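K.L.:
Protein chains in written order, with the working numbering: chain V, 1 to 115; chain Y, 116 to 223.
Note that these hints are calculated values from the structure, not bench results. Bear in mind the structure is a predicted one, so any value in this text is a computation, not a measurement. In this text, a Cβ means the ideal position worked out from N, Cα and C, and glycines have one as well. Each hint should be verified, as a subset may be incorrect.
[To be verified] Sample of chain Y residues lacking proximity to chain V, with all beta carbon distances greater than 10 angstroms (derived):
id, residue
1, E147
2, D177
3, E195
[Said to hold, decoys possible] Some chain Y residues judged to face chain V by a derived CB distance under 10 angstroms, without partners named:
id, residue
4, Y142
5, F149
6, V221
7, K222
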Amino acid sequence: GAVVSQHPSWVICKSGTSVKIECRSLDFQATTMFWYRQFPKQSLMLMATSNEGSKATYEQGVEKDKFLINHASLTLSTLTVTSAHPEDSSFYICSATGQGKKTQYFGPGTRLLVL
Amino acid sequence: AQRVTQPEKLLSVFKGAPVELKCNYSYSGSPELFWYVQYSRQRLQLLLRHISRESIKGFTADLNKGETSFHLKKPFAQEEDSAMYYCALSDNFNKFYFGSGTKLNVKP
């Protein structure tokens, strides 16, 4: 149980375009979803926390207009990288927790390459 | 500020040797501590959490509040233990903070 999927697993886009990444909890209701960014050989950096039906809470230094997060249902959260630039190239990972739970279940990640 | 420190980027041991991956934290409240593992080409997965006080795959970790540590230990390392290990702290607001990770390499 507790499987989280991400789509797409990798994406290449041109600079200036927008990219949407989906995060789904497949067998549980995810009241909270987290979005992380991971640079090569570095740790995960929390970008934002989203609760179903409410606005995401962004970490300091993360532009909310750049990284749009929508958590419209208990099984789906999306991260849209708007007007992507090469420096946005990274590995984006989502995770989810269930109601009243602390353990986070991670998606497999999405590798974004902006040309 | 909440911080998790994993001082070792790489730890190499021989098969059968004991292994200890260090994790220190700083947090003013009552955190929950976790160890996550990432095997090659796989997603992060939970290894263990301190409140469970369990042993998973032979690994144990004890929360030492006096030393603010949560070191991960295994008495006899196996080759299949080779992976990236991340120590994580969950604060009172359910936010997670990850350490920089330690790559464990178990040599035959």
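K.L.:
Each hint needs a verdict: does it hold in this structure or not?
P.N.:
Verification of the supplied hints:
Non-interface call for Y/E147 relative to chain V: violated, since the shortest CB-CB distance, roughly 6 angstroms, does not exceed 10 angstroms. Against chain V, the non-interface label of Y/D177 holds: every CB pair exceeds 10 angstroms, the least being about 19 angstroms. Every C-beta of chain V lies more than 10 angstroms from that of Y/E195, the closest at about 20 angstroms, which supports listing it as non-interface. Because the closest C-beta pair between Y/Y142 and chain V is about 14 angstroms apart, greater than 10 angstroms, the hint is violated.
At a threshold of 10 angstroms, the smallest CB-CB gap from Y/F149 to chain V is about 8 angstroms, leaving the interface hint in force. The interface hint given for Y/V221 is violated, since its Cβ lies 20 angstroms from the closest Cβ of chain V, which is over the 10 angstroms cut-off. For Y/K222, the interface hint is violated, the least distance from its beta-carbon to any beta-carbon of chain V being 21 angstroms, above 10 angstroms.
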